[in-house]
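J.: In order, the protein sequences belong to chains A, B, C, D, E, F, G and H.
The first sequence begins at 1 in the UniProt record's numbering and counts up by one.
The second sequence begins at 1 in the UniProt record's numbering and counts up by one.
The third sequence begins at 1 in the UniProt record's numbering and counts up by one.
The fourth sequence begins at 1 in the UniProt record's numbering and counts up by one.
The fifth sequence begins at 1 in the UniProt record's numbering and counts up by one.
The sixth sequence begins at 1 in the UniProt record's numbering and counts up by one.
The seventh sequence begins at 1 in the UniProt record's numbering and counts up by one.
The eighth sequence begins at 1 in the UniProt record's numbering and counts up by one.
Calculated directly from the structure, the hints in this document are not laboratory data.
A few of these clues could be false.
Unchecked claim - Ranges between beta-carbon positions, derived for each pair:
#1 His12/H x Asp56/G: 25 to 31 Å
#2 Ala48/D x Tyr145/B: 32 to 38 Å
#3 Ala48/D x Gln44/C: 49 to 55 Å
#4 Tyr89/F x Leu104/A: 41 to 47 Å
#5 Pro54/D x Asp40/G: 43 to 49 Å
#6 Glu17/C x Leu28/B: 48 to 54 Å
#7 Gly51/H x Pro29/A: 25 to 31 Å
#8 Glu146/F x Thr31/A: 31 to 37 Å
#9 Pro29/A x Asn105/C: 37 to 43 Å
Because the structure is a prediction, the values reported are computed rather than measured.
C-beta atoms are modelled at their ideal positions from N, C-alpha and C, and glycine is treated no differently.
8 protein chains.
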Amino acid sequence: MNLIVYLAGQIHDDWREQLKAQAEKRNLPLTFVGPQTDHDRSDQIGEAIIGEQPGDYYRDEAASAINNFRTELLIQKADVVIGLFGEKYRQWNTAMDVTRAISLNKPTIIIRPESLIHPLKELSNKANVTVETIEQALDVLAYVYE
Amino acid sequence: MNLIVYLAGQIHDDWREQLKAQAEKRNLPLTFVGPQTDHDRSDQIGEAIIGEQPGDYYRDEAASAINNFRTELLIQKADVVIGLFGEKYRQWNTAMDVTRAISLNKPTIIIRPESLIHPLKELSNKANVTVETIEQALDVLAYVYE
Amino acid sequence: MNLIVYLAGQIHDDWREQLKAQAEKRNLPLTFVGPQTDHDRSDQIGEAIIGEQPGDYYRDEAASAINNFRTELLIQKADVVIGLFGEKYRQWNTAMDVTRAISLNKPTIIIRPESLIHPLKELSNKANVTVETIEQALDVLAYVYE
Amino acid sequence: MNLIVYLAGQIHDDWREQLKAQAEKRNLPLTFVGPQTDHDRSDQIGEAIIGEQPGDYYRDEAASAINNFRTELLIQKADVVIGLFGEKYRQWNTAMDVTRAISLNKPTIIIRPESLIHPLKELSNKANVTVETIEQALDVLAYVYE
Amino acid sequence: MNLIVYLAGQIHDDWREQLKAQAEKRNLPLTFVGPQTDHDRSDQIGEAIIGEQPGDYYRDEAASAINNFRTELLIQKADVVIGLFGEKYRQWNTAMDVTRAISLNKPTIIIRPESLIHPLKELSNKANVTVETIEQALDVLAYVYE
Amino acid sequence: MNLIVYLAGQIHDDWREQLKAQAEKRNLPLTFVGPQTDHDRSDQIGEAIIGEQPGDYYRDEAASAINNFRTELLIQKADVVIGLFGEKYRQWNTAMDVTRAISLNKPTIIIRPESLIHPLKELSNKANVTVETIEQALDVLAYVYE
Amino acid sequence: MNLIVYLAGQIHDDWREQLKAQAEKRNLPLTFVGPQTDHDRSDQIGEAIIGEQPGDYYRDEAASAINNFRTELLIQKADVVIGLFGEKYRQWNTAMDVTRAISLNKPTIIIRPESLIHPLKELSNKANVTVETIEQALDVLAYVYE
Amino acid sequence: MNLIVYLAGQIHDDWREQLKAQAEKRNLPLTFVGPQTDHDRSDQIGEAIIGEQPGDYYRDEAASAINNFRTELLIQKADVVIGLFGEKYRQWNTAMDVTRAISLNKPTIIIRPESLIHPLKELSNKANVTVETIEQALDVLAYVYE
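Excised from the complex, chain A in its bound form (with noise of 0.2 Å):
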């Protein structure tokens, strides 16, 4: 039973590969997706695609549209939702995309760093898991399998 994993959380390190590598190392038939992870092209999507726009503001609200639009597209075509949390950003996109899944009745799992344990403690209470290490929430997955 092959799965797709949406992997929500920052864009600002690899996370996304070691989680797939090791996903791989250990022949998980899961499909991973996610958000734009190339942060300037995540930026500046909605001048690249619409045009120029009259000031940061509106550069923001055209390229969150369309960053939007590939976010719910590919959280409803997911089984699972992965969501890591850094702890040097605000991270609120993480956030969001946790709380559609739990919305949407998607099984998701947290990693966060115990110093996030007490601002995401709600957040946390309300997923399916919560752990520390990408290892973990691999960890979760593959128990679906044995």
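Given chain A, work out where chains B, C, D, E, F, G and H should sit, using these hints.
T.: Same frame as chain A, but now just chains B, C, D, E, F, G and H:
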């Protein structure tokens, strides 16, 4: 990941063929569906199947039921809906198809010329993304595969 | 049993006032809600609340978001939706509101002149009832109380 | 028509009281609900009800369950959700509440300072309306009653 | 706790009046709604509102749209649906109303004579409770208040 | 695009076989499913699986549960539902299956002889399309592939 | 804000009366509903309404349909569900009611003794809050009004 | 037509293996999924993935979250759910899984010994079919393919 795209909108020119041709050039794994685009066939389908009706109103009633059957079925099958509005026609079907798609949580793109910004502003705000050209709509779809 | 009725449709004449007056004469226990009917106010509401925008497109964007907020809220509250189409305007908002209502399973009545039978045939088929006059729409509502 | 408004957002200042006071001045028929705004009470509610826990993580777990119980119940009761983001905090709960409301089709307003346009752009695009001040949020609500 | 009860079923005798009279005797806090029970009015309502039609088929079409408008609206308002089947008629409307109610998760009671056990067995199995008399149906409702 | 079609309706003649044969001749990519069409098997399935029951009523109860299990499962799998009504039987199962399909938003076609126009008028109005012959129902399906 | 609270759980002691008495002392604006708590009445309700059945199995069948009618109706009316598990009984109805409530997105509280932590761990994880005493359940409800 | 069948129920004997073996003998095109059936693994999975917990209660909490993640995911994937209740255990998870499945409109079969008729009567009434043996459950599934 193959996506099914429903192409709502006017049936008086060949915009669907242009869009399909460009999608093929870009090698996007998209399957296109849509309403009956032979205008006469669409208007006569009721009488063609059910038999002659006692006047235009009843001819339209008979045709619309069968057109709606097709449209509802294919919108439900679609992953994405693109609705194109042109300047000449009232195209209430397009507005209906786009709103139906949005209500079913289908990610939706509107294509409309600059001249229609004002009359379409509320529908445009409700859709995920609004663009002005077929190329831009395909840019948005291509972005999902980046 | 009091019913809330959302009156979708053109805001260029006083059809809503006529309908309300007739409903009152008939003593129907109906509460009417609807979109902003002051056309200028509706177009300017974005800038009126959020401030000046860099051009017409952005002015429309700002206004449409607030108009949609109002419309979605009131359609959700409504038990019934009546949508009136006139001959002069494209009224895509009316098509949008009527389709939104149908998708939310709200019983829906369309009022349209004979001249619009053909272009509205699919939307008309999707609605519960289509009539030509305000009186007929109230006849349908009155029938619920017989 | 009385509306119930859920006030999501930070609990470190008195913005809710300001908003309620202004709503009262304008005679808007609104009933306000929201999360526990006594920060200490919110953090300690788990231990206060269920008893001492073996460490901070478990204290947070116990508190979050009860906070989520309250929040889910009141968001379901609400007709409208307003979410305010301030500059100081990560406020993932606010992002969660706003996304939950949007997923339940509750018309939603975000209030955020100009400085947060960029990090909130996707969530802002998903909400119905985004404004910068409490006054503007009430302007939007007042518009429903015009 | 007042409950709204929709009374689906044949309109050829006065079973609804009997049921209401007995409910009143028992002081059950129930409000009853249902379809148009004046058979001629029900058959003629289309032409009565929309005007003469070109034949029986179109007369039926016009009437059924308005009858369905009423029925859908009142079933949505109901907390409970009771459907009575008699021996004489095919009563497909009753089967339709009962199935619609079940699909909307409305608790549903069927009343049918012993002679109809066999042809109604699948619908009866789908409903919550099946009884043979009006008294028994009220017994079930009264049980909710014990 | 292959479609699954559920064939609701009477099980006393071979209309399903005729319809399938014609669909094959037209090379329509349709997969057909439906209820148990061996009437005796359908009536006896409860006792056949669960064992002898204390009388006809209980025999019917046992059979109906298993028939409904099959029907619900296959209607959920279907993309389209066709319901055929004949003149001889009350066929409440057909009315139930068609209404269930409509409530699940499955595009639905009714086939019924002219003689049943009147008693089926409300159900017919609720379905997407109503025709009189098997050929016409296949014409409607074929139209989706044009 | 008045809330309706469904009290699922064993009917062999007076825990509901204790809970109601304490709620009254605290002046909480709660209305309580629940299953039939007269055990004999609950077991005999089928035969009491429908008449004698041919054995225990059929007696249970008849009773369960009517009990489920009541339960489904009242859970749908409830804003909150509290489910109490005691040590003596298997109480599958309680597990059913609690899961039904969770599936309907009703905020749900489980009360269970320490001895049942292990067998109830999955259901407890699915509910919003789990406590050990009636007082604690009311503490959670009272927290909503703080 | 291949169907996915979720096997809810006790994990203390090999009933799933027996059922799978018989399904294979009958050549039924069924794919089986279910909960973790290694009891120790199921109880320890929380600590195995997340690390040691401060006591039994927290160990159970950690395990239940991961078990529920698996169960929810696989029930959503399933077309049919079979729940087996044995005489020895309280099996609240089985009641939870079965009720969850019913609430998601999954056709559901309960297998239970005669001795459990009474305590399971309400859940049994809510499921589509109840039988006493594995063979009978497969008979019901086989009937879908007749």
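J.: Compare the structure with each hint and give your call.
T.: Structure-based check of all given hints:
no.	hint	verdict
1	His12/H x Asp56/G: 25 to 31 Å	holds (27 Å)
2	Ala48/D x Tyr145/B: 32 to 38 Å	violated (51 Å)
3	Ala48/D x Gln44/C: 49 to 55 Å	holds (51 Å)
4	Tyr89/F x Leu104/A: 41 to 47 Å	holds (42 Å)
5	Pro54/D x Asp40/G: 43 to 49 Å	holds (45 Å)
6	Glu17/C x Leu28/B: 48 to 54 Å	holds (51 Å)
7	Gly51/H x Pro29/A: 25 to 31 Å	holds (27 Å)
8	Glu146/F x Thr31/A: 31 to 37 Å	holds (34 Å)
9	Pro29/A x Asn105/C: 37 to 43 Å	holds (39 Å)
Checked against the numbered hints listed earlier, the structure breaks hint 2 alone; every other hint is satisfied.
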